[in-house]
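J.: Chains as they are written, first to last, in the numbering used here: chain H, 1 to 497; chain V, 1 to 489.
Derived from the structure by calculation, the hints contain no laboratory data. Among the hints, a few may not be true.
What the hints assert, rightly or not - DEER-style ranges, computed between Cβ atoms:
{"hint": "1", "chain 1": "H", "residue 1": "Pro-299", "chain 2": "V", "residue 2": "Gly-87", "range": "39 to 47 Å"}
{"hint": "2", "chain 1": "V", "residue 1": "Val-384", "chain 2": "H", "residue 2": "Ala-306", "range": "30 to 38 Å"}
{"hint": "3", "chain 1": "H", "residue 1": "Gly-47", "chain 2": "V", "residue 2": "Ala-245", "range": "38 to 46 Å"}
{"hint": "4", "chain 1": "H", "residue 1": "Ala-306", "chain 2": "V", "residue 2": "Gly-87", "range": "56 to 64 Å"}
Since this is a predicted model, take the numbers as computed values, not measurements. Note that the Cβ used here is the ideal one computed from N, Cα and C, for glycine as well.
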Amino acid sequence: MSSTATHGTDTLRVGDREYQAVIGLEVHAQLLTRSKMFCGCSAAYVGAPPNSNTCPVCLGLPGTLPVINRQAVEYTVRTAVALNCEIPEFTKFDRKNYFYPDLPKGYQISQYDLPLSRRGWLQFHVDGEQRRCGITRVHLEEDTGTMYHAGDVLQSATSSLVDCNRCGVPLMEIVGEPDLRTPEEAREYLIWLRRVLMYIGVNDGNLEQGSFRCDANVSIRPRGSDQLGVKVEIKNMNSFRAVHHALGYEIERQRQVLEQGGALPQETRGWVETQQATVSQRSKEYAHDYRYFPEPDLPPLQLEAALVERIRGELPELPDARAARLRRQHGLGDYDAGLLTATREEADTYESVVATGVGAKLAANWMLGDVARLANEHRLPLQQSGLGVAGLAALLRLLEAGTISGSVAKELLAELYRDGGDPAALVEQRGLGQVSDAGALSSLIDEAIAQGSKAVADFRAGKEAALQSLVGYVMKQTRGRADAQLVNRLLRERLGG
Amino acid sequence: MSFTGGTVAASAAALREGGVSPQELLAEARAQFERVDAEVGAVLTQTWELAERQAADAQRRLREDPGAASPLCGIPVALKDVLCLEGVACTAGSRILEGFHPPYTGTAVQRLLDAGAVVIGKTNCDEFAMGSSTENSAYRPVRNPWDRSRVPGGSSGGSAAAVAAGMVPYSLGTDTGGSIRQPAALCGVVGFKPTYGRVSRYGLIAFASSLDQIGPFAHTVEDCALVYSAIAGHDPRDSTSSPTAVEDPMETLRGGIAGMRLGVPHEYFGEGLEPGVRRAVEEALRVLEGMGATLDEVSLPSTGAALSTYYIIAPAECSSNLARYDGIRFGMRKEHDALLQMYLDTRGCGFGAEVKRRIMLGTYALSSGYYDAYYRKAQKVRTVIAEEFAAAFERVDALVCATSPTVAFPLAAREDPLSMYLCDVLTLPVNLAGLPGVSLPCGMADGLPVGLQVIAPRFQDARALRVAHAYEQATGWHRARSPLVEATA
Ligand SMILES: [Zn+2]
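Construct the complete structure from the given sequences, taking the supplied hints into account.
T.: Shown next as structure tokens:
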């Protein structure tokens, strides 16, 4: 399908009319609490043998009752504060009733008309431009179990197994306003939202394992209209790429339906990765009536202002603010500042390296270049590598002081990342110190000129670039230890350039 | 009279004086059970082996430190079959829970076990506690020990009958709209529904969460107070259980009622009251007056709306609470290849007619488009009803009235659900307001027991028991026993 119309701008053309997509995202994020939402079972269910991480409460056995996890409430408040939400004094839980084998009680304890927070916003960036998307509400609920079908789907499966290990894991639902217009905006919104949740330590951001999940509502409407079109809900998107592709596909599909004079039914569609297409799952006529009503087993929750203020006070610097500070404080560009603040660990590492006196630009270049490449190669972050954060700082200080050359630094970095060790000791031991004494380099300069007569002629004829091969000769002879800038200067002097 | 046909207090004293041992009490309970229960049908599951172990344990505790042992130590008890006891079948009177053995023990039951109770079995009840005659039990009806052609009331009919028939000196029931007080009245025993939030509901198979409360049956108010003391109090596993300290009802039990102001709610003496019941209750009012209490007529104008309010809220909660019986994880399952059909078959076969009726009523009341007209409005009326009680309690210390408009009626006499719902018309407003209520014998009509109801403000459980105790001691109706007990004596 053609995606130029949807991916480049927010304008679509159908016949003579221009259309615009309207996208709203719903994110479900599991909270990093120790125990489940309403019982004492561990919330870290991944990897446990099926149905072992359960108790009478999360199995929904007759006679059991839920007890609210305070930590989950505090994490949700923390999220609400980070997303600039209003937090009412009073909140309550409600039952959402429906039958499904992975829902032991036959209802999910969720929040309906008095959520923990509402009316906030998230700031994010698309191509260096700042955007803001409204947050309708952030509420707290419990996760369901998981099912394994013999076959693809429940309806055609010959048998199905239910695993309740995930039942009752605290789940936060973050409902975004339909403020997004393109698949890019949607993807960037999700990236920034995930970043915020990870920064504040409430979610591990794992899309593959489903601890961070996203559903999208999308419709298209004539440009300039303030009416919303018929909304289609899209599910089953397990990566940022899937969200981007599914929205692109769906917007184009809706455009084509309208172009052919068709009507769009309100429905739920699933993204099928293998087909790269959305497929209808359920139309509005079959939509559930969830029969929400207040959970009688849980009294309403009073959120004291003092608690909210304490949580507000403890909030770490958020990624957007931190990127802005790095730009201001260290003169970094948008792109570098964004990358260096992608995770809290990365930003902490960068700032602790700079704090040892290493130049801000130098530290940024190395962290985003060689260090990032090595981390990727070894599948090991710097913090856990042999080098460590302090090692990187020490190495970069040697470089900056002129003790070692850039190419030596590069070689040492790779070795230390893998094997560990003290950079200064290694330089000393192997005699890797930079040669920056003009006298010591003099005979090598002569040699370079003698063996490179063509380059010398080219340079004298005005070809600046020709000098590089002469510099390269000296560097090679010193196994990279020569101070490249000094060699450059000495060569120019000798050649009268 | 036998010990198990007598009072907890008498058994507790005899256990300490060496007149009897826990094993002998247990043997007596078993003998009486074997003699009469084929006729009564009070017990669904017997736990004699467990009881033997508990009796031996209680014996040891009584020998080691009789002073420290609870008054309940070594005394047989029967539990309504909606209360979970680890490893013992729990059916809630329903086919759908056939084969279900809870892997845990509920809080109130655990507190009895901690006190040294000897559990002889689980008692019959209306399916999921929905009913007023115990005829809705999926297993068999319970018969009234006073007249086996009549019902014991319900839904805790088995627990009431087990005490009335002299099998155990006390039992536990649950009360959602009168399910302790009404069968207590019909079986001529004392039944106490504590304030909502006083006894943990953890381990109680829910019918209607905002109304359910566990409480005791016994022959005397004092016994009920002893059991209440053992099971009441905050439970971190039940967020609706009150964290406030429980007052000791024994401290004020014998304080008398001289100078107390007792309210007589005008609306509770309407047309539906049988003449025999009215006579007995009015006589009781004169007795109370004679003991120095002032009687004040009070009005609870919204009483007429209570029944319909209750039959929206309780079914709404039940429709959700009973969703977990889906054939997936426990209890009955009717196998089918298709999930939906498995749900339909399992629930279609597993639930009885009354349970299905209430699930449908509740599902309807919560449906989109009907929620405001039914559920929300019912919650508003519920608030009004609670406020009217609160206003009355500004003038009076407690309310007195009949528990049930009728005495025990014949089995199969009330096939029409509405006439059955009317059994609880005097008890269910108390649940809607979350108040404590006691029912105690106050005379006979046509040879059948009549119950007097004492209602107190929220958390004034001790006051309700005090008024009831004073009346009981002044009259002696509590000494009457059903023919099944007299026959043993
Ligand atoms: Zn659990």
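J.: Decide, hint by hint, whether the structure agrees.
T.: Each hint, compared with the structure:
For the pair H/Pro-299 and V/Gly-87, the beta carbons lie near 32 Å from each other, so the given range of 39 to 47 Å is not met. Evaluation of the 30 to 38 Å hint for V/Val-384 and H/Ala-306 yields a pass: the beta carbon distance comes to about 35 Å. Restraint check, H/Gly-47 to V/Ala-245: a C-beta distance of roughly 44 Å satisfies the suggested window 38 to 46 Å. Here the CB-CB span from H/Ala-306 to V/Gly-87 is close to 46 Å, at odds with the stated 56 to 64 Å.
In the structure shown, a violation is registered for the earlier hints numbered 1 and 4, in ascending order.
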